[in-house]
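Participant: Each step along the sequence shown adds one to the number in my numbering, with nothing skipped, and position 65 is 65.
Some clues are possibly wrong.
Simulated restraints, written as ranges between beta carbons of each label pair [to be verified]: (1) 131 <-> 90: 17 to 27 Å; (2) 19 <-> 146: 16 to 26 Å; (3) 87 <-> 50: 40 to 50 Å; (4) 146 <-> 32: 49 to 59 Å; (5) 41 <-> 96: 38 to 48 Å; (6) 146 <-> 103: 14 to 24 Å.
I should point out that these hints are in silico values taken from the structure, not numbers from a laboratory. Don't be surprised by glycine CBs; every beta carbon is placed ideally from N, CA and C.
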Amino acid sequence: MPARHVPCEPLDRFLVRRLKLTWSDARRAIQHSRVAVNGVAGKRYHRLLADGDVVELDREHIADGPDDGVVLCHKPDGWACSHAPGDAPLIYDLVPDHLRHPDLQTAGRLDRDTTGLLILTIDGALIQRLTDPQQALWKRYRLRLESPLSDDAVT
């Protein structure tokens, strides 16, 4: 059965995501011709995979089914939607230990001073569907203003 990939996913990212390899290990495997796409080994780790491409490592097929897991989280004021440690607590620290995964990502983001629902998942295809403007997915926002909005501020 052909593998399913996030549209235009780079080969090295696919290996990291599916096999939990480090970036350097994934790139090393590609450069040493241990990875084949549709039966052809190559050394380009940034090669973009297409839907239906079959990827093998050491002649073993790497299955790519849908990733499991969606976490719904209420983001409090002052928390950052980032993996980079900084001057604000990270949204990922709110996720209970039993739901944590190194590939967990937010589908979109909220500004640090914004509160609201966040969808976190390891399913790259789901993130793509939720955030790609071409999907024309309707979103509804409710906001409170500190001061009235002038007519000039609305475009």
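Participant: Hint by hint, note whether the structure agrees.
Facilitator: Hints and how they fare:
Separated by about 19 Å at the C-beta atoms, residue 131 and residue 90 satisfy the suggested range of 17 to 27 Å. Evaluation of the 16 to 26 Å hint for residue 19 and residue 146 yields a failure: the beta carbon distance comes to about 48 Å. Between residue 87 and residue 50 the beta carbons are some 41 Å apart, a value that agrees with the proposed interval 40 to 50 Å. The beta-carbon spacing between residue 146 and residue 32, approximately 58 Å, falls within the hinted interval of 49 to 59 Å.
Taking the beta carbon of each, residue 41 and residue 96 are about 42 Å apart, inside 38 to 48 Å as hinted. The hinted range of 14 to 24 Å is not satisfied by residue 146 and residue 103, whose Cβ atoms lie roughly 37 Å apart.
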